[in-house]
Amino acid sequence: MQDGQILLLVVIVVGLLVALAILVQFARLGSLWLQAFASGVPVSMIRLLAMKLRRVNPRTIIEAEIQATQADIMHDPKFGITADLLENHYILGGDVPRVIQALVAAKRSGIELDFKQAADIDLADHDILTRAVAER
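Position in the sequence shown counted from 1, then plus 35, gives you the working numbering.
There's no promise every hint is true.
The list that follows gives simulated cross-link-like pairs (lysine-lysine, DSSO-like), each with its CA atoms no further than 30 Å apart [stated by the list, open to error]:
(1) K113 x K151
(2) K87 x K151
(3) K113 x K142
Keep in mind that the hints were calculated from the coordinates and are not lab data.
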């Protein structure tokens, strides 16, 4: 074999390995994407892969979005929740599911609480759910 043929073979093998790795990630994230789709949460596979690359747990974020959507707070401007804010809170070490649970509890109790306030409380003392319910 000539050097050019060996190089071409190496490029093809590396390309196939990269394609296989991407395919495996798509397969792993497929059930999560389907769950989000069935729940009315628009999410692309590219976004799920991007979360994995940023070391954000896609399941945590998507399940929080589903819960917020089902509670009618995800797209309500007074709560100020966005997918980017959920991811940023996760990256900062916040407890995203607990913040969403607190916002749902606050809504049910008639307490004025938005995502920024809840996230700040969570990052300050990690007791947002108890605090939101206690203010009831």
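Here is how each hint holds up against the structure:
no. : hint        : in the structure
1   : K113 x K151 : holds (11 Å)
2   : K87 x K151  : holds (24 Å)
3   : K113 x K142 : holds (11 Å)
Comparing the model with each earlier hint shows no violations; every hint is respected.
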